[in-house]
Structure formats: structure tokens, C-alpha cells
Amino acid sequence: SSELTQDPTVSVALGQTVKITCQGDSLRSYYASWYQQRPGQAPVLVIYDKNSRPSGIPDRFSGANSGNTASLTITGAQAEDEADYYCFSRDTSGNHWVFGGGTKLTVL
Amino acid sequence: QVELQESGPGLVKPSGTLSLTCAVSGGSISLNNWWTWVRQSPGKGLEWIGDISHTGNTNYNPSLRSRVTMSVDTSKNHFSLNLYSVTAADTAVYFCTRRTYGDDWYFDLWGPGTLVTVSS
Chain A
293 SSELTQDPTV
303 SVALGQTVKI
313 TCQGDSLRSY
323 YASWYQQRPG
333 QAPVLVIYDK
343 NSRPSGIPDR
353 FSGANSGNTA
363 SLTITGAQAE
373 DEADYYCFSR
383 DTSGNHWVFG
393 GGTKLTVL
Chain B
838 QVELQESGPG
848 LVKPSGTLSL
858 TCAVSGGSIS
868 LNNWWTWVRQ
878 SPGKGLEWIG
888 DISHTGNTNY
898 NPSLRSRVTM
908 SVDTSKNHFS
918 LNLYSVTAAD
928 TAVYFCTRRT
938 YGDDWYFDLW
948 GPGTLVTVSS
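Quick mapping for you: the protein sequence lines, in order, are chains A and B.
Heads up, the numbering used here is the position in the first sequence plus 292, with the first residue counted as 1.
Heads up, the numbering used here is the position in the second sequence plus 837, with the first residue counted as 1.
Because the hints were derived from the structure by calculation, they are not lab data.
Keep in mind that a hint or two might mislead.
[To be verified] The list that follows gives simulated cross-link-like pairs (lysine-lysine, BS3-like), each with its CA atoms no further than 25 Å apart:
#1 A:396 with A:311
#2 B:881 with A:396
#3 B:881 with A:311
#4 A:311 with A:342
#5 A:342 with A:396
#6 B:850 with B:881
[Claimed, not checked] A short list of chain B residues far from chain A (calculated; beta carbon distances all over 12 Å):
#7 883
#8 908
#9 910
Just so you know, these numbers come straight off a predicted model, no measurement behind them.
The beta-carbon is built from N, C-alpha and C at its ideal position, and this holds for glycine as well.
Bound conformation, chain B alone:
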């Protein structure tokens, strides 16, 4: 049974870099899926941040593209998110997910989420 688990600092200073890692356990990251970050600001809806494939291809939300990078480490079976120049508006619960394909793409697996607060 594949599981996802986010990890990283829960507090980041304004103008700093938010860095999170998602560990994939119980299965290989090197399959025909896309690995995705989604966030949810307090009291708000879900926002797609971007995806990465196991080969390192990326696709970012245009509204965040200038501040986001994602990477994948197949040897460690994890993928990562870096969000630069953060502000209070980046305070959110960050989820890692697996996007898989049937007749279309959907998220079949989610991590529990991790709260990141941007504050001095």
C-alpha cells in the first residue's frame, strides 16, 4: 500500500524559501504517474501548485511559476518543493499527491498535509 508523507519546516520567515519533501513509501516513485503539490490557505479552497514526473519533467501553476521549483530523487523515492520569496499569503497546508491516469487524470493518493506558516 503506497503512502505519502510530507516533511519540512513548519515556520518560514518572509522573503525566505519554503522547502518541503514528500516521501513515497510502499511503492516506487518511478512509475507512470505525476507527483503533485497542492496547497490550501486557511479557510480557503485547494490550489494546484505543480507536478513533476519521475524523469524530472515539470508543470507549474502559471501564477506561481516564477517562484517554484520541484525536484525528484528516485534513489530516495521522494520528491520536493521549493517556493521562493514567500509572504504571509503562502501560509497554507501543503499536500503532496499522486496524479494517475485512467480515462483522464486524477489524484488517487494524498499525504496528510503539513501546515507551513510564513511569519517573522
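One chain only, chain A, in its complex shape:
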């Protein structure tokens, strides 16, 4: 089991808003980063430092932190957003690193 917990599956209607969450004790002290992974491809960074986007990532992607939960919100989900999403941060000890178990996003 991962020290960062994500819902395994989430679905959203095309054009609607969806929030993907990541829970863990370490998130009270550290930021999570978020990665999108399409089948057969390497992960791609979509959010870092709580709510910063790399160049080329659409502004419909945003991040937030509250207590022990980090969230990734997609406002106006598109068909190409269908993918697996992973959060990443420190483990509970703060000395090592861990990914969340991943969330499979389906765009209906």
C-alpha cells in the first residue's frame, strides 16, 4: 500500500470539472506534484509546487493543498485528458519519496 492514497478510478463528463485527490500525512508539510500518464507513454509533469504548471500544460489544470490532502482539478475536461494521474511527495518519514497509487480518469 502507498503512503499517498488516491481513488483508483474517477470519471467526468466531457467539458465538466473533476477533482482528483491525494491524501497522506506528509502532505501537511510538503507539496505534491502531479503526473499524467497515457497508455504506453512516460509520465508528464502537470502540476508542481502546489499550483504551478510547466509550459505547454493547459490552464484547465490546477492544484491545491489543504491539510493532508492535495488535489488536482481539471476545469472543462477534454477527451485527451483521459489518462492515469499520479501524485508524488515525501513519505511519512520525510526521508524518502513515494507515489500515490494512481487514479484512472475516464472522460465520458
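Since the structure of chain A is provided, determine the placement of chain B on it from the hints.
Just chain B, lined up with the frame of chain A:
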């Protein structure tokens, strides 16, 4: 534009050693980043294996620490992974990545990944 590329055998025998190298091109490995290996077993999630700095400092996943070593060669601008005593459970796509710092650490660059199968 910095790019990463994994290389190494795609097939390793059980109880053998998995050895991979990640070539860094378009930039120097000797910057204030950490260079990381991540793996993904078929149909599973991402797993952090460990990191190495350009000075050779390492940090390994506790669950793999007894079987992992990493090294860096700044003259060749690459870093490497050795995983010993492999079993079928080590079959995975192995990614090399760059961990960089803003307000916190994150992976801003990934190699395409290489599939390593453990089988006799």
C-alpha cells in the same frame, strides 16, 4: 533541450543483475538536481527506486535498498542502476528522471522508459 535515454538489456535471468544506464544529453548532469530511477510493473502504478546526485550521494527506497546500487559518471554524463538478485516481480518498465527543486522537489524530465523482463 535536455533529454534522457535509458539503455540496457531487455531480458535478465532470475537471480541475475539488472543493469541500466541513463544518458543525459543537451545539458550537464553536474547541476543541482537529483537523478532518479522509477519503475512500473505491468498494469501497476509508479514506484520510486532511488536517486543519485552528481556528487554520488544516494537515497534508496527502503523496500529495495538491500538490492540496489546507483552510480554516476560525470565524464560520460550518465548515471546507472544495478538491481541484484532479480525475480519476476522486478519485471517492469524502468524510467530515468530528473528531480529538480522549486518550492519543493518534482520530476520535470523523464526518459521514454525501457522494458526489462526477468525470465529464464
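Do the hints match the structure? See the list:
Distance restraint check for residue 396 of chain A and residue 311 of chain A: the Cα-Cα separation of roughly 12 Å lies within the 25 Å cut-off, and the hinted pair is therefore satisfied. The straight-line distance between the Cα atoms of residue 881 of chain B and residue 396 of chain A is roughly 11 Å, inside the 25 Å bound, and the hint therefore holds. For the hint linking residue 881 of chain B to residue 311 of chain A, the alpha-carbon distance of about 22 Å falls within 25 Å, and the restraint holds. Among the hinted pairs, residue 311 of chain A with residue 342 of chain A is consistent with the structure: their alpha-carbon atoms are about 14 Å apart, no more than 25 Å.
The hinted pair formed by residue 342 of chain A and residue 396 of chain A meets the criterion: a straight-line CA distance of about 21 Å does not exceed 25 Å. Under the criterion of a C-alpha separation no larger than 25 Å, the hint pairing residue 850 of chain B with residue 881 of chain B is consistent with the structure, at around 22 Å. With a cut of 12 Å on Cβ distances, residue 883 of chain B falls inside the contact zone with chain A, its closest approach being about 4 Å. Residue-level check passed: residue 908 of chain B sits 19 Å from the nearest beta carbon of chain A, beyond 12 Å.
Non-interface status of residue 910 of chain B relative to chain A is upheld: no Cβ of that chain comes within 12 Å, the nearest being about 23 Å off.
Figure legend: structure checked against the earlier numbered hints; the only hint not met is number 7.
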